[in-house]
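Top line first, the protein sequences correspond to chains S and Z. The numbering of the first sequence is the numbering used here, which starts it at 715 and goes up by one. The numbering of the second sequence is the numbering used here, which starts it at 22 and goes up by one.
Note that these hints are calculated values from the structure, not bench results. Here the structure is a predicted model, which is why all the values come from computation and not from measurement. Be careful, since some hints might not be right.
As the list claims (entries may be wrong) - Selected chain S positions facing chain Z (Cβ under 10 Å, derived; list incomplete):
1. N746
2. Q756
3. L758
4. L760
5. G767
6. T800
7. E802
8. F804
9. A806
10. G816
11. K817
12. Q822
13. K829
Where is the CB? At the ideal position from N, CA and C, for every residue including glycine.
Spelled out from the first residue to the last, the chains are:
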Amino acid sequence: AQSVSQHNHHVILSEAASLELGCNYSYGGTVNLFWYVQYPGQHLQLLLKYFSGDPLVKGIKGFEAEFIKSKFSFNLRKPSVQWSDTAEYFCAVNAEGSGNTGKLIFGQGTTLQVKP
Amino acid sequence: DTAVSQTPKYLVTQMGNDKSIKCEQNLGHDTMYWYKQDSKKFLKIMFSYNNKELIINETVPNRFSPKSPDKAHLNLHINSLELGDSAVYFCASSPYRDRRQLFFGSGTQLSVL
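Here chain Z stands alone, though its shape is the one from the complex (with noise of 0.2 Å):
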């Protein structure tokens, strides 16, 4: 059984759809992200959610609309997508009380092109 499960696994589209990407987790976690892995292979954190609730938002564009119908899931919404979105973008969840311990989902690569 995959702990973090993400899909589709690769998604390519062109610029200017709207796009999304699920993620799931059976760890029974409470908290959820996403991050960003761009062409140069930084990651970076985007959202946090914790038992819905957005606790984390790094300056991401107004057009990434995470969303977090329960605690097992967060998916993340991508409108209007532009070429710079092109990128890998991991799921990962993470137990309430210790949240240092992140487990990764095997990502998501995005081409737009």
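Pulled out of the complex, with its shape left as it was, chain S reads as follows (with noise of 0.2 Å):
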């Protein structure tokens, strides 16, 4: 079966620090991957999203994240966290086996609390 593990559950930086949030998926197939993030009483966000081509994804507000496909890896990264990047971070893949169906094997979550 498919799934999506995140390795870190609750991290804590200080500001200005450099950010790396580890997913690792199984499954052999064409993957498309995400990165979602759920501010505190919002809704998840689109950070950004792998479909095709350049393994080196940018997505909003200075996030990038890199697709390995050897490592089935799609950690994501920011150089220099602010407090307000303090949320909930959710990694997720789309397998396209799935038919686009929309189904979504998400990661079970990082914390990321920013000190100011």
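Fit chain to chain and form the complex, with the hints in mind.
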């Protein structure tokens, strides 16, 4: 069965520190990859996505992620975090074999707390 | 304007009750979803509807019945609520042409006492 694993459950950083959140998935076929963010009390927002092409994708708010196919990974990075980045971050995978059903497999989320 | 809106935001109820959660999207999308986030924060798909037709049903108990009166609405009715139903329920929608692009609501936190 397909699964998504986020290794960091709770990350605490100081402002201006660099961020990397790990995400690995298990699926041997073609995948579409996503990072979503959920700010306190708000809806899930799409940070960035990878469908094909350049494996380094840039998203909103200075976030980027790199798809490494050989490692089944899609890690999220930001060079310098801000207090406003405090939120829950979710990695998700949509397998091409899902036939464009919109079925996303999510990781369990990482809580990021940025100290001012 | 909120693109995908859910009501209520919080729902506290007793075991055995029947409750509904409503979802509406104003994005003109054809496909709508219900996802459940459990206490460990895992989000998992429950249902998907395209133009009022059920296309995904992920082995959800019969007590859960989605209803789509039109393509802009997908409501979730839950009968005989159980303690284990306590979770956050997220509605989402996507365009038919690219169902990978999901837009989520802000969630309904259901607490069953």
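Now for the hints, and whether the structure bears them out:
| no. | hint | verdict |
| --- | --- | --- |
| 1 | N746 | holds, 5 Å |
| 2 | Q756 | holds, 6 Å |
| 3 | L758 | holds, 4 Å |
| 4 | L760 | holds, 8 Å |
| 5 | G767 | violated, 15 Å |
| 6 | T800 | violated, 16 Å |
| 7 | E802 | holds, 7 Å |
| 8 | F804 | holds, 7 Å |
| 9 | A806 | holds, 8 Å |
| 10 | G816 | holds, 4 Å |
| 11 | K817 | holds, 5 Å |
| 12 | Q822 | holds, 5 Å |
| 13 | K829 | violated, 22 Å |
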